[in-house]
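One letter stands for each residue in the lines below.
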Amino acid sequence: MAKIAYRDAVRDAMAEEMTRDSRVFLVGEEVAEYNGAYKCSKGLLDKFGAERVIDSPISEAGFGGMAIGAAMGGLRPIVEFMTWSFSFVAFDQIVNNAANMRYMSGGQIKVPIVFRGNSGGGHQIGATHSHAPEAIFASFPGLKVVVPAFAADAKGLLKTAIRDDNPVLVIENEALYGRESEVPDGEYLVPLGKANVLQEGADVTIVTHGFTCWTVLEAAQELLKMGIRAEVIDLRSIKPLDYETIVRSVRKTGRLVCVDETKPFAGVSAQIAAEIGRSCFDHLDAPILRVTALDVPMPFSPALEDLCMPNQSRIIEAVKEVVG
Amino acid sequence: MAKIAYRDAVRDAMAEEMTRDSRVFLVGEEVAEYNGAYKCSKGLLDKFGAERVIDSPISEAGFGGMAIGAAMGGLRPIVEFMTWSFSFVAFDQIVNNAANMRYMSGGQIKVPIVFRGNSGGGHQIGATHSHAPEAIFASFPGLKVVVPAFAADAKGLLKTAIRDDNPVLVIENEALYGRESEVPDGEYLVPLGKANVLQEGADVTIVTHGFTCWTVLEAAQELLKMGIRAEVIDLRSIKPLDYETIVRSVRKTGRLVCVDETKPFAGVSAQIAAEIGRSCFDHLDAPILRVTALDVPMPFSPALEDLCMPNQSRIIEAVKEVVG
Amino acid sequence: MTKKTKAAPIAGLKSTFELPDYGPAPELSRQERIEWYRLMVLTRRFEERAYQSYQTGLIGGFCHLYNGQEAVAAGTLAGGRPNDPIITAYRDHAHGLMRGIRPGPAFAELYGRATGVVKGKGGSMHYFNVEREMWGGHGIVGGQTPLGLGLAFASKYLKQDKVCFCYMGDGAVNQGAFHESLNLAQLWQIPVIYVIENNKYSMGTAVHRHAAPIELYKRAAGYDMLGVQIDGADFDVVRQTSWTLAERARRENMPAILEIETYRYRGHSMSDPQFYRSKEEVEEYRRKDPIEILKRRILEEGLISAQDLDALEDTVKDEVKAAHEFASNSPYPAPSELFTDIFA
Amino acid sequence: MTKKTKAAPIAGLKSTFELPDYGPAPELSRQERIEWYRLMVLTRRFEERAYQSYQTGLIGGFCHLYNGQEAVAAGTLAGGRPNDPIITAYRDHAHGLMRGIRPGPAFAELYGRATGVVKGKGGSMHYFNVEREMWGGHGIVGGQTPLGLGLAFASKYLKQDKVCFCYMGDGAVNQGAFHESLNLAQLWQIPVIYVIENNKYSMGTAVHRHAAPIELYKRAAGYDMLGVQIDGADFDVVRQTSWTLAERARRENMPAILEIETYRYRGHSMSDPQFYRSKEEVEEYRRKDPIEILKRRILEEGLISAQDLDALEDTVKDEVKAAHEFASNSPYPAPSELFTDIFA
Ligand SMILES: Cc1ncc(C[n+]2csc(CCOP(=O)(O)OP(=O)(O)O)c2C)c(N)n1
Ligand SMILES: Cc1ncc(C[n+]2csc(CCOP(=O)(O)OP(=O)(O)O)c2C)c(N)n1
Ligand SMILES: [Mg+2]
Ligand SMILES: [Mg+2]
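Residue numbers (our numbering), protein chains in the order written: chain A, 1 to 324; chain B, 1 to 324; chain C, 1 to 344; chain D, 1 to 344.
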């Protein structure tokens, strides 16, 4: 086990898969000569050449759609969106062409494609650049969505995504790129659709994913000081979603707090609360609470942005409410 | 009270508001000379001329964004999407430019714009044309979303939307355009954000919106035959959402079934189940069930499409489960 | 890049710059030529049968017919190679039938039956026959244009020597995704040919009301791309031009726009009152019917006798009749089919 | 449309077709001319101060500086009228300052303070001053291009005789929304001028690696639109050309693309190692600095003495210093501000 930065885990996953399979290529803005706006593709141009690591004009619908066509035609593209927010100009391509193609062709076509990139708020890049789109994309049948929070998953999930014969959206986070964590030695894969229990605890279940895993783990430390033992679950995969692991935990704790960075209206936490509220109806000792981004456009000012994000104090408050 | 078709209610709302305020104009594909693909703008070109009723090329991002700019510049555009599914090529314009503009300008700008059009499934137009996007758009702060189910609301909500100083998305439905229902005489408005209790009942609350209101009302008749008195709530407005009316009902019935045509993952019903599951935790005698579109791309075949939609038999089954 | 005899100049051809002259396209055998004619007739008969079924309420959803445009699909396909990938919009019956979809499964698809070419899941707008490189059938206007680019990209990447024909309507030129695709195609030298089937209307909107300027091939000029405009009534003209552009794409990886002037006899979809055009206009175009033109020519050329032609046409009629019967007698998909073909 | 004296020809100007000749633009008064110079200097000093603050970690998020491009904003704005609506991308400090945003609130915005020009809600990328028809500051590349069209549409609808200047980078020409806008502008005759600030790079991607062809004004050709290319180092050249295009838009409601060749001295945003270009290249461009060119000219013209110019520059420096102090001493927005300005 070595500690590496999340961005290097992303890079390693791509490099390994590109080495393994010559049909895998990377396209996106600044991915080649610039090594990626967030340096996730550092060295790949040198290693694989300009035919497989391709700098694109600012044409997300164009190159995103092109990659879907290329996947139909037998390649295995990785599309980097500099930020997931920019995928919104390619929205139709993703939710219609990538998601529905196999179905509409009666199974004649497969679309083995990965879309990946930075997402979310916390970096003072304002309302248009800070979207956390996982719930939205997960609502479209035909798409798989994963959100790795740690280097090991960033690598293992991405490798699995690249090998998957279907469109997989990998949602990363600028705040995580620089963070180091342990990564298994040698080749490994992390399956899609399996949550990870980050920390066991008997008093309350906290379900989260992506960057907020880190926030929740910190909050859990604080809670422990107050005598509250939280079980922390990292979803890792938003679609398919591993309800089983959540149910198992909630049956034990009887209490659930959902934490994530999507917006409160019909976000990831809403889906989990709805589903677990039903399936664990008889096991819940308290209402399911949700701690999400606030229902406001992401403000630029750091003073406001911090409040908008699902922060530690709001998490602790929610846990105290369900436990108390 | 006269009975008129939903499409005429839409047309009347636009005609009245265009008469009242010369800044109101309509732009979209086939809205002028063709009178609208679904004839919702019948006669408007003749009445208001080509400067105010504008046929557009197939450029949703272009004319949608243009209308947002025109709203910033002092006009009050109505944008017709032939089908809401086509708004996905204009997604960025709506969720960033319309939704965030006021916030990002620190309140310097208002964006009084209405986007409206047909949506949803049930017409064998396949996976790419049958999206029900209300939950997705409602998840973006800065947007209001309404889904009228009856002619009276189609007119009253649209008139209110046109007068609103903010972006309002009005989501209509092909299956409703031809349906007649009663509309008050004379000028009236229906406020945004107020649900409507379509039918009172003590045994179970069914919350729904849009086309499925009709399905639910029919199901409620069947249920009555089985001795189950359902209270049926038409949300009308998805954002803001009138939780109060739901809570009041659930406190009485202790049981809730959410029915709607959005997809199950993080759809409208998920949001309601999550919210009511929390706020009515102590009042619920049964888990909240959801009856939504199935989590599959909309198939073309009528045999499959009927099953995909939230149909009567699934509604009745769900109600029997929570009541029984 | 050996230049043989010079190709005969094509009357009325306009372009953003001069086309290369690779000489005349390889000649078609008698049999091939008759087969293309047969496919055009098959398409026409198929569409007419679909029209009837729609009128009697047997087909749901949209149904966009190709009547009048047959030489566009036939001529371009005959100009390319059988394994060149093709992709189009929702007006896709012709492309499907000409790329090997059997009339039976094609018709069954219109009826949403399990035996349909895409199992009843896609309907009229989503004909696919991937075995024969027919990549759909797409409903979102312009949405297929980056996909066509991608199919061509894959061919180049895999060194398959294929050229993608990406078809689109005149109305689709106003979608942003198309323009992004044009720039990428030219910049990256991707062997894709955008065939604009300019049938003069985007639904009820005439070209001059939706595009500036009305010469759509000029859109290529903004990208220093080759843009060509030809008339689409004559199979041979379409074939020769398509072949030249495909050769250029194959030899030099250079994309092009090929605008083909044509006309649809029927309404946009089926429920179209067509107030936007006159009966006279439709009649005028019907007088230069692409099928009649080719028919006259192959008769003149003595490729086939009038009698054999009649027999061919009868066979086609029977085939379409049988297709309709096949469709009518086919079962609907089982409910379990809802959940298949979502993920591979 | 009275034609007065002929305008002097502009060296190096290229266009898709000939520009109308409305004669020379109305002369600027001495005071006006010096004011434009002052605004260019103010912008430069402001950006340099921002650069410092960013380097020391006082500014979060992105921060795109305009150094080297000043004559583009100044010349175009001076060619239009003060009440012509303008809108731009995220590289917006110049446009904001030149359209009346005071340096204090401008700087406070970079710091996310309550006194910022948009209350700390928008930051560097979202300067707005609607009172003076400055409509932002927009972060999504190309996303502002339909908005600019809409502002111009509103002006035409309301018969306000205004022309919208919609600014964009060279990289933005590859967004589909821009192309949809071009067609709509030409088709509907909307008085919008798309000013392409071609600073040779889209982030780290040189124009020849992102656009075919590199002459971006040619994108207009696909729409029969007037496209013009000029060099952007000379305020007077930019102003004269902008005035001509604005007059044309005002008189005939005809849109245009105005590609202005320029260069940014700093990185794309602040955290840009700039490996994609050489120090020599930057130095070469710095030698034809737009501020120096205008400075020399107004000195030669005797509009101002060297001494007064020094004084002017000192005043600007003080103003920027004060702006920074104003920002530093300003409070952050109250938490309640999170929930305001969402709905009107
Ligand atoms: C993005 C999008 N907008 C609108 C539509 C609705 N629509 C379907 S076909 C059509 C007209 C297209 O005309 P054209 O491209 O000329 O093709 P044709 O039907 O003439 O073959 C329209 C507006 C759509 N399918 N997709
Ligand atoms: C749709 C979209 N894609 C990508 C980005 C990220 N991005 C911001 S600026 C930029 C480069 C733009 O270059 P150019 O248009 O030339 O403007 P300049 O920065 O040179 O002024 C990129 C790729 C974005 N903001 N929006
Ligand atoms: Mg057409
Ligand atoms: Mg640039």
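Hints are computed from structural coordinates only; laboratory data are not their basis.
Don't take every hint at face value.
To be verified - Heads up, simulated DSSO-like pairs for lysine-lysine below, C-alpha to C-alpha not over 30 Å straight-line: (1) C/Lys14 - D/Lys288; (2) C/Lys159 - C/Lys295; (3) C/Lys14 - C/Lys317; (4) D/Lys159 - B/Lys42; (5) C/Lys288 - B/Lys47; (6) D/Lys159 - B/Lys47; (7) A/Lys47 - C/Lys200; (8) D/Lys317 - A/Lys42; (9) A/Lys39 - D/Lys200; (10) B/Lys39 - C/Lys200; (11) A/Lys47 - D/Lys14; (12) B/Lys47 - B/Lys110; (13) A/Lys194 - A/Lys252; (14) D/Lys159 - D/Lys288; (15) D/Lys288 - D/Lys317; (16) D/Lys317 - A/Lys47; (17) C/Lys295 - B/Lys42; (18) B/Lys110 - D/Lys159; (19) A/Lys39 - D/Lys279; (20) B/Lys42 - C/Lys279; (21) C/Lys159 - A/Lys42; (22) C/Lys279 - B/Lys39; (23) A/Lys110 - C/Lys159; (24) A/Lys42 - D/Lys279; (25) C/Lys14 - B/Lys47.
Since the model is a prediction, treat every value here as computed from it, not as a measurement.
Problem - Pair hint lysine 159 of chain D and lysine 288 of chain D, alpha-carbon separation not exceeding 30 Å - result: 41 Å, violated
Problem - Given hint lysine 288 of chain D paired with lysine 14 of chain C - CA-CA distance at most 30 Å - result: Given pair lysine 14 of chain C, lysine 288 of chain D is violated - Cα atoms ~44 Å apart, limit 30 Å.
Handout entry: Pair hint lysine 14 of chain C and lysine 317 of chain C, alpha-carbon separation not exceeding 30 Å
Key = Measuring from Cα to Cα gives roughly 38 Å; hence the hint is violated.
Exercise for the section: Measure nothing beyond the straight line between the CA atoms of lysine 194 of chain A and lysine 252 of chain A; if it is 30 Å or shorter, mark the hint as holding. Expected result: 19 Å, holds
Exercise for the section: Quickly compare the C-alpha distance for lysine 317 of chain D and lysine 47 of chain A to 30 Å and report which way the hint goes. Expected result: Violated. Lysine 317 of chain D to lysine 47 of chain A sits at ~49 Å, over the 30 Å cutoff.
Exercise for the section: Sort out whether lysine 42 of chain A lies within 30 Å of lysine 159 of chain C, counting only the CA atoms. Expected result: 27 Å, holds
Problem - Holds or violated: lysine 47 of chain A to lysine 200 of chain C, with C-alpha atoms at most 30 Å apart - result: 50 Å, violated
Handout entry: Holds or violated: lysine 295 of chain C to lysine 42 of chain B, with C-alpha atoms at most 30 Å apart
Key = 44 Å, violated
Problem - Pairwise hint evaluation, lysine 47 of chain B against lysine 159 of chain D, where the allowed Cα distance is 30 Å at most - result: 21 Å, holds
Handout entry: Given hint lysine 200 of chain C paired with lysine 39 of chain B - CA-CA distance at most 30 Å
Key = 22 Å, holds
Practice task
Measure nothing beyond the straight line between the CA atoms of lysine 42 of chain B and lysine 279 of chain C; if it is 30 Å or shorter, mark the hint as holding.
Solution key: 23 Å, holds
Exercise for the section: Compare the distance between the alpha carbons of lysine 288 of chain C and lysine 47 of chain B with 30 Å, and conclude whether the hinted pair is satisfied. Expected result: With a Cα-Cα distance of about 39 Å, the restraint between lysine 288 of chain C and lysine 47 of chain B is violated, given a limit of 30 Å.
The structure fails hints 1, 2, 3, 5, 7, 8, 11, 14, 16, 17 and 25 (numbered hints given earlier, in ascending order).
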